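Q: Chain Z is already provided as a structure; the job is to place chain W on it using the hints.
Residue strings, one per chain:
2 protein chains.
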Amino acid sequence: MQRTLIIDALAATEAQASITICGWIRTRRDAKEFSFVELNDGSCLGNMQCIVDAGTTAHAQLDQAATGAAISVTGELVASPGKGQLWEIRAQSVTVFGLADPETFPLQKKRHSDEFLRTIAHLRSRTNKYGAAFRIRSEAGQAVHQFFQSRRFSWVHTPVLTGADCEGAGEMFRVTSLEPGDKDVAADFFGRQCNLTVSGQLEAEALAMGLGRVYTFGPTFRAENSNTPRHAAEFWMIEPEMAFADLQDLMELGESLTRHVIEHALAHCESDLKLFDSFVDKGLIERLKGMVAAPFARVSYTEAVEILQKCGKEFAFPVSFGTDLQTEHERYLAEEHFKKPVAVYDYPKEIKAFYMRQNDDGKTVAAMDMLVPRIGELIGGSQREERLDRLTARIQELGQNPEDYWWYMDLRRFGTAPHAGFGLGFERLLMMLTGITNIRDVIAFPRTPGNLEF
Amino acid sequence: MQRTLIIDALAATEAQASITICGWIRTRRDAKEFSFVELNDGSCLGNMQCIVDAGTTAHAQLDQAATGAAISVTGELVASPGKGQLWEIRAQSVTVFGLADPETFPLQKKRHSDEFLRTIAHLRSRTNKYGAAFRIRSEAGQAVHQFFQSRRFSWVHTPVLTGADCEGAGEMFRVTSLEPGDKDVAADFFGRQCNLTVSGQLEAEALAMGLGRVYTFGPTFRAENSNTPRHAAEFWMIEPEMAFADLQDLMELGESLTRHVIEHALAHCESDLKLFDSFVDKGLIERLKGMVAAPFARVSYTEAVEILQKCGKEFAFPVSFGTDLQTEHERYLAEEHFKKPVAVYDYPKEIKAFYMRQNDDGKTVAAMDMLVPRIGELIGGSQREERLDRLTARIQELGQNPEDYWWYMDLRRFGTAPHAGFGLGFERLLMMLTGITNIRDVIAFPRTPGNLEF
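Keeping their order, the protein sequence lines are chains Z and W.
According to our numbering, the first sequence is numbered sequentially starting from 680.
According to our numbering, the second sequence is numbered sequentially starting from 680.
The shape of chain Z in the complex, shown without the other chains (with noise of 0.2 angstroms):
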């Protein structure tokens, strides 16, 4: 079917006798003499004004088309006289594909809530709101590719069926071919238990062991009964690990990435965000201008916690050296001390993961987190322990066995080399450049608990 997409159909620099588009109709108003049809196809935001003289046989083929109803329109592309679009089509014939009733089309040209949008996943990528925010996933996704091609990382894919569950049992969903109620899992499909992975670190780590410089970009999992606006059970994580690396350059990866996907979206997304900027959160492009125009702040936890005793500020968790940092602290840090993204590092090594590379103070580890405004933690990472006996020791201090780790100790066995790597969430990442603030909203078909329709 030959036809022009409505982003190129507008972005046209000369008249042309006859072009044929594609979409849904947004909006239908009928004059005397023609009929104004907004048809839009989902590559941009703008819509292909369409011009029907009354009267014509392409106004008999458009018949009853309203709103929702998928049509195309053949037609001339002239410069529009009217004000808000350059080009307007001056529709010679029409075919109608399918129609929506207006009875039951839920999609009528109103303000509809949020949650009331959820409950229609299928068909809110057709709104404004959400065709702008999954553009806009898919620019920040093709961003970060880029991002980490350019400094030679490999994309590797970690599994997400893991029989690791090292991390907390607790919070990670099992996966079975057997029968619900039966439990023989010597029976199962791997013969042990099986999960869904919560991180593809520890396989990044092992591939980071031999290409260099890897990172993974796939869906994660959680199975945290908690219902807020920040928690999925399903979300998807990038997770860079390079070897021959330390904190400080995991800091620069962290900075460097997020100040890329930034202006990417600034320099890709421009219509997309302004009806973020105007409809959701205003300031926002301002926001993320001043993101990327100066560098990031990098604070020890140990000054960060300092900051936070002494800023007279009352927190719902007092903060000492030793606790870990609530959303309402960091983004005290972020929003209001520094005002800007900030990484903190050095954390005491009781409230990170036994993998971190402890500091010669005996008290902290080598992690980080990136904070921003907004949103809290962006990243977390950590420089990692790549000195055997040192993790073998701390694993045995948090009552595990290192022969459980077997392969991960090998890759201290042979050839160990410093090496960094980092989580960001990029439903976070999402949140931060539209200013959505519900997590179920940068997902198209979110999962949370009882949440799985579509």
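Derived by calculation from the structure, the hints in this document are not laboratory data.
Here the structure is a predicted model, which is why all the values come from computation and not from measurement.
Among the hints, a few may not be true.
[What the hints assert, rightly or not] One-sided and incomplete, this derived list gives chain Z residues near chain W with beta-carbon spacing under 7 angstroms: (1) A865; (2) T981; (3) V984.
[To be verified] Stretch by stretch, here's where chain W covers chain Z in the computed footprint (C-beta under 8 angstroms, at least three residues): (4) 907 to 917; (5) 955 to 965.
[What the hints assert, rightly or not] So these bits of chain W aren't anywhere near chain Z, every CB distance computed over 12 angstroms: (6) E794; (7) I986; (8) T1006.
All C-beta atoms in this analysis are idealised placements derived from N, C-alpha and C, irrespective of residue type, glycine included.
A: Only chain W this time, still in chain Z's reference frame:
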């Protein structure tokens, strides 16, 4: 840590007084006057040869480091007088990060079987073959994204966790947060049965009906208990879906995508492909070049059956109209008859899925499979049935309840339009690109019945 990647150092245009590289020792050879060390950092297949003069500090620092050790070398980059490389480094200093005990390190300089290397999947990316395979995997993934982006497709993330079990529940993994043995589905995380997706198609269709052109690129699952070189329980699929497109558009898309990925690999993975051409699949590069040199073939299923019936070849499975093509038939068509990739279209409706568009002959559907020499089916897709009445009738004919597909039917109720899409198994594509014949060897950590290690 300041360093130069070996891929960049090998591409130097002039000598440099001092550079630092890091990597793992592939071989070390000690002569009287100096030691030769071949260093690889995973950025490319090639090694950097380092000359460490005997009696120097650098030589003392190198100490016992041998195959498998991780080191960094700082020195002068000079034109190499030896054969096989343009540049080499004359070491000024060496840092050893980690040794690899020659008694226990399994990757000594010798040929290892693929079967053995699968048992040390955490180390095999340090070999030439698997390093090359995973670099090609990354490049092919980038090529896929670039292709779709250049055609204005949005990358969408359809859910891995799904309540749908419409395509044969027997093949699906079940996901649960219940303890093994507990069958109280109502108390489960989603309050209903949850499976791992076997395809993102239905959700991608919903998104295509808003965004116009979309594709998925993510993990997909099959609980089939089949131990073959072509099946894995977890693999990655690419599923484009286009609104306002028909079967012709779909065949063009599949051919262009395949062609683009091959051209990208030929242009960007030259030395890695040469390894496979030399050691895994002689003639690989010529075959890939041949595939992009001419248009692919197209043949209707009916004609394909006639060709198979008349070709005089004995098949294990006889062919007649209405039978599904087996791998032997698919390979005969692509390898012996057409001698190139071929799209077979208009299959009997009985052997294809309910959502494929019914042709006017009452017998066939607008399906297409793209068959490739040595691989068989690479792509399977169809124009989708966009007519509500036809789709409803077909679902009922198959003894199912259209209400189970309420949201999928909505796409036909509201602004339905012709649309088409396919699925491409990413690992099949990689087997085509590398000549690797076992799917376990194009996946970093493959999942097959009984295999969940790493």
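Q: Does each hint fit the structure? Answer for all of them.
A: Going through the hints against the structure:
Checking A865/Z against chain W: minimum C-beta separation of about 10 angstroms lies over 7 angstroms; hint violated. A cut of 7 angstroms between beta carbons decides the hint on T981/Z: the least distance to chain W is about 24 angstroms, and the hint is violated. Interface hint status for V984/Z: violated, as the beta-carbon distance to the closest one in chain W is roughly 28 angstroms, over 7 angstroms. Coverage of the segment 907 to 917 of chain Z by chain W holds [criterion: at least 3 residues with CB-CB distance below 8 angstroms; count 3].
Figure legend: the segment 955 to 965 of chain Z, annotated as covered by chain W; annotation inconsistent (0 residues with Cβ-Cβ distances under 8 angstroms, at least 3 required). Residue placement check: E794/W keeps its beta carbon more than 12 angstroms from all beta carbons of chain Z (closest about 17 angstroms). Separation of I986/W from chain Z is adequate, the least Cβ-Cβ distance of about 29 angstroms exceeding the 12 angstroms criterion. Distance check for T1006/W against chain Z: the nearest CB is about 24 angstroms away, which clears 12 angstroms, and the non-interface claim stands.
Going through the hint list in order, the structure does not satisfy hints 1, 2, 3, 5.
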